[in-house]
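So you can see what is in the structure, the chains are spelled out below.
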Amino acid sequence: MKLPMKVMSVAAVAAVVASLAACSTGAGSGADAATANLDARGPITYVQGKDNSGIVNPLVEKWNADHPDERVTFKELTDEADQQHDDMVQNLQAQNKDYDVMSVDLVWTAEFAAKGWLQPLDDAGIDTSGMLQSTVDSGTYNDILYAAPVTSDGGILYYRTDLVPEPPTTWDEMMAMCPIAAQNGIACYAGQFAKYEGLTVNATEAINSAGGTVIDDEGNPALETDAAEQGLQNLADAYANGNIPAEAITYTEEEGRIAFQGGKLMFLRNWPYVYNLASTEGSSAVKDVLGMAALPGTDGPGASSLGGHNAAISVYSDTKATAIDFVKFLTSEENQRFYATQGSLAPTLSALYDDEALISELPYLPVLKTSIENAVPRPVTPFYPAVTNAIQDNAYAAIKGEKTVTEAMTDMQNSIESAGSQ
Amino acid sequence: MTTTTSPAPAPGTDLHAVTAAARAKGRNRERWASARTYISAVVIIVWCLLPAYWMVVTAFREVAFTYDPTPWFTHVSLENFETAFSTERGNRFGQALLNSFIISSVTTVIALLIGVFAAYALARLNFRGKFLILGVVLGASMFPGVALVTPLFQLFTNLSWIGTYQALIIPNISFVLPLTIYTLTSFFREMPWELEEAARIDGCTQGQAFRKVIMPLAAPAVFTTAILAFISAWNEFLIASQLSNSATQTVTVAIASFAGSQPQEEPYTAVMAAGTIVVVPLVILVLIFQRKIVAGLTAGAVK
Amino acid sequence: MSTETRARSAEDPNNPKSTGRSPKSNKALKEVGEDRRAATQGRWATILIAPAIIILGIVIVYPVINAIIMSFQADAGLDPETGLFTEGGFAGFSNYTGWLLQQCGGPNGTTVACSPGTLGAQFWEAFGTTFYFTIVTVALETVIGFWMALIMSRAFRGRSLLRASVLVPWAIPTAVTAKLWFFIFAFQGVINAVFNTDVLWTGSEGPARWAIIIADVWKTTPFMALLILAGLQIIPGDVYEAAKMDGASTWQRFRHITLPLVRPALMVAILFRVLDALRMYDLPQIMTGGANGTTTLSILVVEQIRQGFNAAAALSTITFLIIFIVAFIFVRFLGANAVDAATTSTRAG
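From first to last, the protein sequence lines stand for chains A, B and C.
Per full-length UniProt numbering, the very first residue in the first sequence carries number 1; after that it's consecutive.
Per full-length UniProt numbering, the very first residue in the second sequence carries number 1; after that it's consecutive.
Per full-length UniProt numbering, the very first residue in the third sequence carries number 1; after that it's consecutive.
Among these hints, one or two may not hold up.
Stated by the list, open to error - Examples of chain B residues lying across from chain A (beta carbon under 7 Å, computed): (1) A64; (2) F65; (3) Y67; (4) S86; (5) G90; (6) G94; (7) F153; (8) Q154; (9) T157; (10) Q242; (11) A256; (12) S257; (13) P263; (14) Q264; (15) E266.
As the list claims (entries may be wrong) - Simulated coverage check for chain C against chain A, where a stretch passes if three residues somewhere in it have a Cβ under 8 Å from a Cβ of chain A: (16) 78-86; (17) 110-120; (18) 286-294.
Said to hold, decoys possible - Estimated spans, in silico, between C-beta atoms of each pair: (19) C:A155 to B:P192: 19 to 27 Å; (20) B:Y165 to C:R332: 35 to 43 Å; (21) A:V289 to C:T86: 50 to 58 Å; (22) B:V46 to A:A182: 35 to 43 Å; (23) A:D69 to B:Y165: 30 to 38 Å; (24) C:T86 to A:D82: 23 to 31 Å; (25) B:S261 to C:A193: 20 to 28 Å; (26) C:Y240 to B:V46: 22 to 30 Å; (27) B:A247 to A:K62: 21 to 29 Å; (28) B:P71 to A:I144: 55 to 63 Å; (29) C:E87 to B:A247: 35 to 43 Å; (30) A:S129 to C:L101: 49 to 57 Å.
Just so you know, these hints were derived from the structure itself, not from any lab.
Model, not experiment: these values are computed from the prediction.
Just so it is clear, CB atoms sit at the ideal spot from N, CA and C, and this is done for glycine as well.
Only chain A is shown next, with the shape it has when bound in the complex:
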């Protein structure tokens, strides 16, 4: 009759044994790992999120043909950024030595680096001189290069050439054009204002474009400034007076694109992919009147938030020499061009943006170059998940008018300070 209790204790013992086993791998430090296996070569794995345009396999095949003893296996993760992040965290925490090279979203770079999971690349001989500076900054944490920029992305202002002959260069100019939209019975401006990562992108763009900053050079939040406040105020005002339509607070990238493609929106802040779809899709009503310009700022081009992915090497990799070579291979000019032409992914090498052949294929490149040159990486901080949450929550409330912009900035500031002082 006490036997069921015995079963319980067996289970409990099993649990304790298992937890000890987990502890032994759970709490290692990356410091020693960073100096190990630097010269080792052999097969490696390349981990990346969903390969939308099918360009990774050809690249890997090309590499494997030349490196039969150092073959690369491509591990494809899902399309969802959060799931990619969590998968990489799980494997790095478990010190999985098979995650040799990872395609890291630039906003995770600082977090992974601070956790000691990324191999410093300063001595790896990766040539960053020809790369756009903002992309290099996005792979740099604490003045050390931890990830090599592979693809980039920046915001573009799409506009209707039939309604707006000359695109606005400043926010005020754009707002002044909104009556044209009203006369045509369509909405004026939209970006990504639903409460998700896209709102962080849009809110930081507004703040940076107005001359403010989210995190200063010392790594501290600096949101309680007039400039930063003005940036968010611009969005809140436009929402209040209808220049940003009410439905925009439910918009992610896709809803905005659909409204614009359906001819219901005059200005749209979005990524380069919109060009590829709005200029070709059968349902697009704006194929022939599709204009592209740099994001508007205070008195010139605005500061886009930077997107893109960097290639990083896990400290737990046991074949780092091969991994470094593969990262160099991904950032080579030849393959950067391949990314752009075959995958419509913006390169990180500056020279390619002025390449006539490429521009004829991807007409948004000049605009995108301006955008990326003026881009500010989203806050480079190991506490990024907390920072983005603080920005989203408060920017959303401020845009909807649930709190004043001043309150929102104070709350943002305090929340980010809390995150950094755990």
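Given the coordinates of chain A, work out where chains B and C should sit on it, guided by the hints.
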């Protein structure tokens, strides 16, 4: 002639009229009851199928018209189904269907076996610690699933189980086990156990008596539990997304890994196509199961 | 009981005394027999229950213990010199008080009230939201599920079609369901198109919550309906016939026959729905991302895991305790019958 159409008065009319009226009233009430049943059935069917209908409409729509809200079939195309199965686009949906089927079936069978044993003990046997055991079983359904992933990941990494079927089957069993045990226990409590005892007097062993007498009676409960276990294993995503690899990827993970042709493009139509593909075999399977339930019922009734 | 004694003693030919048909005849003997019976039953129970407990032990108990241990450690802090994270060390109950009292880290290791935009500030709101969703969805699902089960249990032509249809919402994977409803409730979605409205379903609290409730009720009612249907099916038909003969009305039959007899199955169904609803994650996460008062405790756990695992472990444990209390109330006071009936003997003994 016209007069003959109205029934002529006859002796004993009163009595006849009364019974006829009563019968008519009864028939009317029955007819009304069955009409109500049909109306209810139609309402339920519409409620359940209307959103699914929209899923199917979207599944058959061209990608370019994903957001077209026309509520009937327009811009019909099969491209989404092709996309779902397209290995060129990295969608291993066929393999995933097979994986999900294997994982869910094994989960269901094992969970039911273990569950029937445990429920039998809990419902039929006297022993101490019953409350504790019921508590532990129920407690297993109280912890946020997301918080289980990291420890399990580390445990299975140590065992080199990542990317194996058992890494997905064992957690799935434990997720469906609490419901299985509770449902079966509650149904076993209601069973007429004197029949089992009678069977044993007739010379059956305890196991035979249980299998031949009680199981047929409990069939509706067992098959319902099996359906619920199968579907919840089939729908499991959290564990599968982190503990599987491309070889053991399940349907839910495969669907989540769909992507549009462009970085930010949402693959709604392909997801809806996949949803459509997934539902059909599941419903057929369940209908077969339900036949079994009815069979079990009649078998029980014969006893 | 007597039959069992009989059967057992039949298996035991070395004990001719116990073959006596009347255990009442000898009180001492009876007690020995009961003890022995209990021992045998205990052994059987162990063998039968062991597999379940072992599996639950590996997959659930171990992570729970793991989480509880981790919840007493502080999350890693940043070393300003190296820019690297360092171990947080022992934290006592600070992770727990952090959530319950909504205290966040302030400058120089002090604590301050969490400001809006931190996860800590959302705890009690998420708590309320979770209970709101649970109460509303489970209530609706119980009523509608019962109705569906009653209709499904009737014999009429087209019953197979009805049963197949009811299964469809439950059979669609949640990830697809959530995207489907997100799509339906989008501003440019089919609901606004069909009804010619422009409601921002996910743009403010009331509509956002109801969009999620509708989606959840649609998806999960079949679960309730199936379990209740199974409960209805083991009610012998002659009980109704007898009641009809006695002139009981439809309502009386429902109230005095159906409800009591189906109650064990119903309570198990409700109990498990409550446990599931209290951990609701996918639907609100995909449909609203937790905006506009739809952040549940599970969403908070996921977000916190990304920000710091130890505080997340504390939050998971708090959630576990909250759910435990709810389940306890259910079992103890609302008579979730499976447990009640199964434990009477334990409590009596």
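Cross-check of the supplied hints:
1. A64: holds, 4 Å
2. F65: holds, 5 Å
3. Y67: Since chain A brings a Cβ to about 4 Å from Y67 of chain B, closer than 7 Å, the hint holds.
4. S86: violated, 10 Å
5. G90: holds, 6 Å
6. G94: violated, 16 Å
7. F153: Where the cut-off is 7 Å and the nearest Cβ of chain A is about 5 Å from F153 of chain B, the hint holds.
8. Q154: For Q154 of chain B, the interface hint holds, since the closest Cβ of chain A sits about 4 Å away, which is under 7 Å.
9. T157: holds, 4 Å
10. Q242: holds, 6 Å
11. A256: holds, 5 Å
12. S257: holds, 4 Å
13. P263: holds, 5 Å
14. Q264: holds, 4 Å
15. E266: holds, 5 Å
16. 78-86: Coverage by chain A holds here, the residue count being 5 at a Cβ distance below 8 Å.
17. 110-120: holds (count 8)
18. 286-294: With 5 residues in contact (Cβ-Cβ under 8 Å with chain A), the coverage given for the segment 286-294 of chain C holds.
19. C:A155 to B:P192: 19 to 27 Å: holds, 24 Å
20. B:Y165 to C:R332: 35 to 43 Å: holds, 39 Å
21. A:V289 to C:T86: 50 to 58 Å: holds, 56 Å
22. B:V46 to A:A182: 35 to 43 Å: holds, 41 Å
23. A:D69 to B:Y165: 30 to 38 Å: Holds - the Cβ-Cβ distance for D69 of chain A and Y165 of chain B, about 32 Å, lies within 30 to 38 Å.
24. C:T86 to A:D82: 23 to 31 Å: Cβ of T86 of chain C to Cβ of D82 of chain A: about 26 Å, so the range 23 to 31 Å holds.
25. B:S261 to C:A193: 20 to 28 Å: holds, 25 Å
26. C:Y240 to B:V46: 22 to 30 Å: holds, 29 Å
27. B:A247 to A:K62: 21 to 29 Å: Distance hint for A247 of chain B, K62 of chain A holds at roughly 25 Å.
28. B:P71 to A:I144: 55 to 63 Å: holds, 56 Å
29. C:E87 to B:A247: 35 to 43 Å: holds, 36 Å
30. A:S129 to C:L101: 49 to 57 Å: holds, 52 Å
Going through the hint list in order, the structure does not satisfy hints 4 and 6.
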